[in-house]
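All chains, please: the whole structure from these sequences, using the hints.
Protein chains: 2
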Amino acid sequence: MTSTIDKSITLTEFLQLPETKPASEFIDNRIYQKPMPQGKHSRLQFKLCDVVNQIAEPQEIALAFPELRCTFGGRSIVPDVSVFTWERIPFDVNGEVENTFAVPTDWVIEIISPDQNATNVISNILHCLDRGTKLGWFLAPNERLVLVFLPGQQPLEMRGSDRLPVPDFLDLDLTVSQLFDWLKPGKPRVDA
Amino acid sequence: MTSTIDKSITLTEFLQLPETKPASEFIDNRIYQKPMPQGKHSRLQFKLCDVVNQIAEPQEIALAFPELRCTFGGRSIVPDVSVFTWERIPFDVNGEVENTFAVPTDWVIEIISPDQNATNVISNILHCLDRGTKLGWFLAPNERLVLVFLPGQQPLEMRGSDRLPVPDFLDLDLTVSQLFDWLKPGKPRVDA
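Just so you know, the protein sequences line up as chains A and B, in that order.
Under the working numbering, the letters of the first sequence match residues 1 to 192, in that order.
Under the working numbering, the letters of the second sequence match residues 1 to 192, in that order.
I should point out that these hints are in silico values taken from the structure, not numbers from a laboratory.
Keep in mind it's a predicted model, so treat the numbers as computed, not measured.
Accuracy of the hints is not assured; some may be wrong.
One copy or two, it doesn't matter: identical chains are merged, so the pair holds either way.
To be verified - Derived SDA-like pairs (lysine to any residue); straight-line CA-CA distance at most 25 Å: (1) K40 - S8; (2) K40 - R30; (3) K184 - N29; (4) K21 - R75; (5) K40 - D28; (6) K21 - G74; (7) K134 - Q154; (8) K184 - D28; (9) K134 - L156; (10) K184 - R30; (11) K40 - N29; (12) K21 - L183; (13) K47 - V97; (14) K40 - D115; (15) K40 - L164; (16) K184 - S8; (17) K21 - F46; (18) K134 - V148; (19) K134 - Q153; (20) K134 - P151; (21) K134 - G152; (22) K134 - L63; (23) K40 - V166; (24) K21 - P114; (25) K40 - N53; (26) K134 - R159; (27) K40 - Q116; (28) K134 - L150.
In structure tokens, the structure reads:
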């Protein structure tokens, strides 16, 4: 369940509040807490990060981060998966990833939960696209549907054997069915 | 609450089933029942139809229909408001509106309810745009937000004093605030 605190506060005030669990987002001067992640959400979030990082980390092309707070353009959001190209990842002097990300992700992925506020999720994807994000995926596990958002374009509705668009920097071939088949862990099944 | 019947049926079989209340929609070979309309939904639905018909009916430009079943492109959907230009409205020999609408609406308006499946609602708007609908509005009363869908374009997020795009055939000047102010019926208030 997404809860809202109606009292209007500033972004600076919001960022000084202690982190909550699940994370809270700051959208249009209001605070919204993300829903408690459940099984399907957790599985898809992990697999998406895993498949991207297996390809992109060894070659230092990009990195996928789950639940990373990104603060830019007046909002502070926590996408389910944020994929940053290597040169845009903030590193400290020791070569470690910085804690604070103040730039839009290159690729944003959101996985909708049954009771989640989809309006805010889509609003956040549009917020990212308007500020430089090149690709957004909106996964609806219940409908086995992915809405694909590209800057300046009408969203695409993809199902089944549709091949999902991925960013240019990533060599990944994935259909919607293959993605949702990750919900059945274990050895590949013949009947899958 | 949106309920789903998982058994896969054909569109022809679906259309032979008795109508339900609230209406059921046929999307991607599954049946989804719309949520029971509540106060804010009912009020906005009526006012949207009213404001369009006040302008468009006397001049025979267009008509707005609430809860009209539209069956085309393999789906049978019931948008909250469907606006048809006059020449696209099916009339019978007596000049009465036909019961069956088998063409996409020119302008589709959906009003999201707290527990509604927003994924299906957006999927339906995209389904319409892909088949000739010129404009889609997705109203989120809780967030005081309207997502505006235009064919081939990235959806627009509009709030407050943003002026809402309307179809060319309609001379209507409306901001997001004015639209949601309809939730306060009665005489215009100074504090509104």
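Evaluation of the provided hints:
Taking identical chains as interchangeable, the C-alpha atoms of K40 and S8 lie at most 25 Å apart only when they sit on different chains, with a minimum of 23 Å there against 33 Å within one chain. Taking the shortest Cα distances, K40 and R30 sit within 25 Å of each other only across copies (21 Å), while inside one copy they are farther apart (28 Å). With identical chains, the CA atoms of K184 and N29 are at most 25 Å apart between copies only, with a shortest distance of 23 Å across copies and 39 Å within one. In this assembly of identical chains, K21 and R75 lie within 25 Å of each other by CA distance solely inside one copy; the values are 18 Å within and 40 Å between copies.
Proximity of K40 to D28 under the C-alpha cut-off of 25 Å is restricted to the inter-copy arrangement: shortest distance 21 Å between copies versus 29 Å within a copy. Within a single copy, K21 and G74 get their C-alpha atoms as close as 22 Å, which meets the 25 Å cut-off; across copies the closest is 42 Å, which misses it. Within a single copy, K134 and Q154 get their C-alpha atoms as close as 14 Å, and across copies as close as 12 Å, so both meet the 25 Å cut-off. Taking identical chains as interchangeable, the C-alpha atoms of K184 and D28 lie at most 25 Å apart only when they sit on different chains, with a minimum of 22 Å there against 38 Å within one chain.
Taking the shortest alpha-carbon separations for K134 and L156, both the intra-copy value of 14 Å and the inter-copy value of 16 Å come in at or below 25 Å. In this assembly of identical chains, K184 and R30 lie within 25 Å of each other by CA distance solely across copies; the values are 22 Å between and 37 Å within a copy. Proximity of K40 and N29 under a CA criterion of 25 Å is satisfied inter-copy only: 23 Å between copies versus 30 Å inside one chain copy. For a Cα distance limit of 25 Å, the shortest separation of K21 from L183 inside one copy, 24 Å, qualifies, whereas the shortest one across copies, 34 Å, does not.
In this homomeric assembly, K47 and V97 come within 25 Å of each other (Cα to Cα) only inside a single copy, at 21 Å, whereas the closest approach across copies is 52 Å. With identical chains, the CA atoms of K40 and D115 are at most 25 Å apart both within one copy (13 Å) and between copies (20 Å). Taking identical chains as interchangeable, the C-alpha atoms of K40 and L164 lie at most 25 Å apart only when both belong to the same chain, with a minimum of 19 Å there against 37 Å between chains. Proximity of K184 and S8 under a CA criterion of 25 Å is satisfied inter-copy only: 21 Å between copies versus 43 Å inside one chain copy.
For a Cα distance limit of 25 Å, the shortest separation of K21 from F46 inside one copy, 18 Å, qualifies, whereas the shortest one across copies, 40 Å, does not. When the C-alpha separation of K134 and V148 is checked against a cutoff of 25 Å, the pair qualifies both within a copy, at 11 Å, and between copies, at 20 Å. Within a single copy, K134 and Q153 get their C-alpha atoms as close as 11 Å, and across copies as close as 15 Å, so both meet the 25 Å cut-off. Both within a single protomer and between protomers do K134 and P151 lie at most 25 Å apart by alpha-carbon distance, with minima of 6 Å and 20 Å respectively.
With identical chains, the CA atoms of K134 and G152 are at most 25 Å apart both within one copy (10 Å) and between copies (16 Å). Taking the shortest alpha-carbon separations for K134 and L63, only the intra-copy value of 15 Å comes in at or below 25 Å, while the best inter-copy value is 39 Å. Taking CA atoms no more than 25 Å apart as the test, K40 paired with V166 passes inside one copy only; the shortest distance there is 22 Å, against 39 Å between copies. Taking the shortest alpha-carbon separations for K21 and P114, both the intra-copy value of 18 Å and the inter-copy value of 23 Å come in at or below 25 Å.
Proximity of K40 to N53 under the C-alpha cut-off of 25 Å is restricted to the intra-copy arrangement: shortest distance 20 Å within a copy versus 45 Å between copies. In this homomeric assembly, K134 and R159 come within 25 Å of each other (Cα to Cα) both inside a single copy, at 21 Å, and across copies, at 24 Å. With identical chains, the CA atoms of K40 and Q116 are at most 25 Å apart both within one copy (14 Å) and between copies (20 Å). For a Cα distance limit of 25 Å, the shortest separation of K134 from L150 qualifies both inside one copy, at 6 Å, and across copies, at 20 Å.
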